[in-house]
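Using the hints, put the two chains back together into the complex; each one sits in its own frame.
Next come the chains, spelled out residue by residue.
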Amino acid sequence: MRRFNTLLSPTFFSSIFAAALITLWAPPVQTAHAQPGEEPEMTFDEDEADEDSEMTFDEEPEEGNEDLGDEDLGDEDPEPDPDEPEPELDPDGDSNAGGSAMADDVEKVAWQDIVVVVRKPFLKINRMELVPSWGVTMNDNIVRHFAFSAAFNYYLTDVLAVGLEGQYFVKSLREPFDLVARQARRLPTVNKYNFGAAINFHYIPIYGKFAVLDEHIISWETALTAGVGFTQSEVIPRDPVMQPFKNTLITPNVGASMRFFLNRFITVNLGIRDYVFVDKFEAASRTEPDGNLAMENADAALINNIMFQAGLSVWFPMSFEYTTFR
Amino acid sequence: MSTLMKTPIATLALGTLVLASSALVVPALVAPNEAVAERKGALDDVPAVRHRLLLVKKRFEVGLASESTINADFRHTLGAGLKLEFHASDLLSFGAVGIFGTSINTGLTDKLLSSLPEDDPSPTNTDAEPTPTQREFEAHLNSMPIHGAAYVGVTPWYGKLAAFGKFFVNFDFYFQGGIAFAQLKSDCNSQICDDSTPTGGLNPEGQVILPDNNPNDDPVLNEGFKAGLYLGGGIHVFLNDWIALDLTVRDYLFRDNPSGLDFDADLAVTEDDNRFLNHLFMGIGVSFLLPSDVKRTP
Chain G
1 MRRFNTLLSP
11 TFFSSIFAAA
21 LITLWAPPVQ
31 TAHAQPGEEP
41 EMTFDEDEAD
51 EDSEMTFDEE
61 PEEGNEDLGD
71 EDLGDEDPEP
81 DPDEPEPELD
91 PDGDSNAGGS
101 AMADDVEKVA
111 WQDIVVVVRK
121 PFLKINRMEL
131 VPSWGVTMND
141 NIVRHFAFSA
151 AFNYYLTDVL
161 AVGLEGQYFV
171 KSLREPFDLV
181 ARQARRLPTV
191 NKYNFGAAIN
201 FHYIPIYGKF
211 AVLDEHIISW
221 ETALTAGVGF
231 TQSEVIPRDP
241 VMQPFKNTLI
251 TPNVGASMRF
261 FLNRFITVNL
271 GIRDYVFVDK
281 FEAASRTEPD
291 GNLAMENADA
301 ALINNIMFQA
311 GLSVWFPMSF
321 EYTTFR
Chain L
1 MSTLMKTPIA
11 TLALGTLVLA
21 SSALVVPALV
31 APNEAVAERK
41 GALDDVPAVR
51 HRLLLVKKRF
61 EVGLASESTI
71 NADFRHTLGA
81 GLKLEFHASD
91 LLSFGAVGIF
101 GTSINTGLTD
111 KLLSSLPEDD
121 PSPTNTDAEP
131 TPTQREFEAH
141 LNSMPIHGAA
151 YVGVTPWYGK
161 LAAFGKFFVN
171 FDFYFQGGIA
181 FAQLKSDCNS
191 QICDDSTPTG
201 GLNPEGQVIL
211 PDNNPNDDPV
221 LNEGFKAGLY
231 LGGGIHVFLN
241 DWIALDLTVR
251 DYLFRDNPSG
261 LDFDADLAVT
271 EDDNRFLNHL
281 FMGIGVSFLL
291 PSDVKRTP
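Protein chains in written order, with our numbering: chain G, 1 to 326; chain L, 1 to 298.
Just chain L, with the same shape it has in the complex (with noise of 0.2 Å):
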């Protein structure tokens, strides 16, 4: 089982490092030398930067969005939608975000594909060959049509950024969590996943009826809807006052089985095969900030 967490508490492990980097990072950055600290001055108490265009303040989001998984294990997804936000302040935003995507197979999948045995050699005896036919393994991988994310969202950081001494641009950091959710779809027909009992059970005669210990052709429960954690960042790279570049990081967590098979060894595919597992994707969208004039700051 420690297997189990690795990947979700990997990716949980590198966000918190890099949150507290960035919280170790920020105050070292801003906290005063001595003599610094010492002088008072006519800035002192005014905002580090004044006549700051409000790029972000009071106004909606509208943003057009697409994006892909990295590093999935047997399907990639990539998928377009619509991100939609309110920025209430400054700082604060709410928003949501949802995306219909596509599925396909990754270079591992692929692989283990082409070796895979086409058709069960010995059908009527499992217990001889656990070994999955292409159309079995297949089937059982789950693809994610939809998913999206509510959140709340936070903008800490915002700046200025030249590019090769020509392009001046503004941009903003931000930084959102919320609720995650997905839509998960499989396609195990009846003719492959035909194991009503895969735990075994009693049939309507009160007869018991022995697990056959082949989950390769156990109903597959890696589909339906999925809640779970949502955590994203990403950069706004604003190409005029209204509209931006959206560079994203978001990670999808909830519970899944991407393989659809067994996980936990008990030779059967059962709802305990499912565990929290991240779904990392990074994306690229236009934003549009409407209405489209900004304001200042004083």
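Here chain G stands alone, though its shape is the one from the complex (with noise of 0.2 Å):
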């Protein structure tokens, strides 16, 4: 409600009034700004670049927090009718071009004198992120696992959410596993995982764009991650005979990653996880084959599962409509 107040402000109206003044008596000006009805990129285009002469991104707070973009314009600019057509300006700034009598009379209005916030090309408030995804361990040399996970998140803000993640892993044995027992004829110790479960955290700190070839605007951010849970492992006895036992861990996670938007409701989620627990492994001098015997004896050790992780987001509701003037 606060936003309705304060961009009830005499500046917004006079703008209005004048771009409506344009609308109504030049004639079409064909520009080169985004055509009607065509969402902009992000300010990466040469309208900015002719104002400041920079490849510009926009240093004005709409894209890190649309919130407190929302707050700044708010001091000037009221909502705006989301039907209203937009006004056509002509691009040099000429009110004039339509040679109209009623443009003597109305104050001059070129691009610099518009406060144009491009809107963010993504908008994630209150929307719901379902990620299934791929992981690999990046760090253990003697047993890799692949972990196929899912993660529900909640938008809370722009760049906070919440949510909760499970993975299922599938081991695989590494070269130095089997090199270990015949090269150094020693059998490594070894625990499988096999699944976990987590409830994070996510910020977004970092957010970005870039053009591909020269042709193309992406949009990215980057994700900061954190959060706790659980993994469940499963001790490989050296000897068969000896029976298995499994652990409960408690697991914190950090993390960072980086997303890349393809649509409205797809993104494309690649990143790094390290999940930490403090592991139970085999003892070393085990000879009790009861499993339970062999946990009160384990060997105890902080472990640090780094895993590269890849999903693909889907965004519920799968669109969303802006509340900020274009």
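Hints should not be assumed to be uniformly reliable.
Claimed, not checked - Simulated restraints, written as ranges between beta carbons of each label pair:
{"no.": "1", "chain 1": "L", "residue 1": "Asp119", "chain 2": "G", "residue 2": "Val170", "range": "50 to 60 Å"}
{"no.": "2", "chain 1": "G", "residue 1": "Phe201", "chain 2": "L", "residue 2": "Asn213", "range": "30 to 40 Å"}
{"no.": "3", "chain 1": "G", "residue 1": "Gln232", "chain 2": "L", "residue 2": "Ser115", "range": "26 to 36 Å"}
{"no.": "4", "chain 1": "G", "residue 1": "Asn263", "chain 2": "L", "residue 2": "Glu271", "range": "49 to 59 Å"}
{"no.": "5", "chain 1": "G", "residue 1": "Ile125", "chain 2": "L", "residue 2": "Phe100", "range": "26 to 36 Å"}
{"no.": "6", "chain 1": "L", "residue 1": "Lys58", "chain 2": "G", "residue 2": "Ile199", "range": "28 to 38 Å"}
{"no.": "7", "chain 1": "L", "residue 1": "Ile284", "chain 2": "G", "residue 2": "Leu160", "range": "27 to 37 Å"}
{"no.": "8", "chain 1": "L", "residue 1": "Gly224", "chain 2": "G", "residue 2": "Phe201", "range": "45 to 55 Å"}
{"no.": "9", "chain 1": "G", "residue 1": "Met128", "chain 2": "L", "residue 2": "Ile284", "range": "50 to 60 Å"}
{"no.": "10", "chain 1": "L", "residue 1": "Phe168", "chain 2": "G", "residue 2": "Asn263", "range": "20 to 30 Å"}
No wet-lab data here; the hints were simulated from the structure.
Model, not experiment: these values are computed from the prediction.
Glycine is no exception: its CB is placed at the ideal position from the N, C-alpha and C atoms.
So this is what it looks like as structure tokens:
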């Protein structure tokens, strides 16, 4: 509600009035600006470049924090009617382009006279994200785990989310597992991971956009993640006669990921996550076949299970509407 | 033998997956939908970005590089060196990187060494104890004091990012491919590696020498110059017009036998124990792009 109150400023009304007059009286002018109905890209375009001769990236807060952007705009600009057609302006800033006599009475309007905050290409606030993903261990030279995961995140703001994730692991013994046995005559002590789950918090401090081959612009962002959950690990006995035993481990995690925006409801995520836990391994001197007894005598060690993750996010609702002035 | 190629194939597969994903993702990202495709606007034939800073085009890149192996089996390599690159265009570049490295044992190696015997309990009977001693095992491990690559690079993506709403910087993604090289070294002296005929043979008198079936005293064959394939990628984060933070992932693929012991279970260390392995590094560096003046696109 605050936005509606503060946006009702005389400046905004005068701007709208001038723009409306131009729209009504001036003949249509083909401009270099976005076509009606076209979604603007992030401000990586010529309009800004013309303003400050910099490959501009709005240093206004609209992209990093939609709410903040609204507040800044809110001091001057009221909420427009979403159905209201947008004014077309002469890119040269000449409001007399149509040659109308009325234009003489209208305060001159040019691009530089209008505060334009290009809208974010993707809104996340109050949306849910379903993330099926795949991951692989990066830092274990004995056993590699592939993780098949699903996560569900809810965005409280455009930069803050809370979510749940679940993982199912599949192990793959690596080359040194065999080499150590054959070359050094030692059997490695190895645990495999069965599954895990966590509650996570996500914060998005970095956002950006890049051009592909100087033709297309893609938006992306970086998210930092921290959470806590559990992992179930299972001992792979060195001697098959021995019983395995399972551990349920409290598992904090931290990580970072990049998200690339495909459209309004699909993003591609790539990231690295460190799952930290104190695992219990089969004791080097184990003699007891019973798994419970072996667990009591297990050796503990701090483990950083660092995983590379790749996933595809599907967002719900699958579209969104802008509430800010275009 | 199926395990021989697991590591390089996995990495190549991962790289291929990433590239394939990019190939799929980028067209999906950039493909206009039907409605948009029908519109013809004034911006249709202009570049996506105008007045863009040409941060790499026609510039030399001189970089201080550092990198470390990821997930090495027996010895990590930590290194620092120099990167030289000429960006012939905004997209294409040619360069080389050379790294001087030092090695440290991985956790696996430390655990193994602590569990291996210090001395051979039956030195005269090699068949009785095939377990290597600490010195035998460690002496066969190799290190990588020098490595590098010559490559062709492409920089297809460039952009800007904002961090914490305060720091706005240019960046680009680049990919490299080329030839890798490495100088490998191991320290197995004649007291440890004293078997001159690991697979048997004939002595000067023409008598047959049977193999001792003990690879732990065989000479190492995992040292010397190696050449192979190089794949890399990374991000330049431009701190200003001519200084950039360089974050990289580099993979040097060449034939190697990091443990230096018998791999193919023929009880002798031979050339066949070398296999095509990937040596994956992550690095960080600082690049200086010269000349320091930067141009803009129209």
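Going down the list of hints, with the structure as the test:
1. Asp119/L with Val170/G: 50 to 60 Å: 42 Å, violated
2. Phe201/G with Asn213/L: 30 to 40 Å: Hint violated: Cβ distance 58 Å, outside 30 to 40 Å.
3. Gln232/G with Ser115/L: 26 to 36 Å: 28 Å, holds
4. Asn263/G with Glu271/L: 49 to 59 Å: 53 Å, holds
5. Ile125/G with Phe100/L: 26 to 36 Å: The hinted range 26 to 36 Å is violated for Ile125/G and Phe100/L, with Cβ atoms some 50 Å apart.
6. Lys58/L with Ile199/G: 28 to 38 Å: Given about 51 Å between the Cβ atoms, the range is violated.
7. Ile284/L with Leu160/G: 27 to 37 Å: Check passed, 29 Å falls within 27 to 37 Å.
8. Gly224/L with Phe201/G: 45 to 55 Å: 51 Å, holds
9. Met128/G with Ile284/L: 50 to 60 Å: Since the Cβ atoms of Met128/G and Ile284/L sit about 36 Å apart, the hinted range of 50 to 60 Å is violated.
10. Phe168/L with Asn263/G: 20 to 30 Å: Since Phe168/L and Asn263/G have Cβ atoms about 26 Å apart, the given range 20 to 30 Å holds.
Checked against the numbered hints given earlier, the structure breaks hints 1, 2, 5, 6, 9 and satisfies all the rest.
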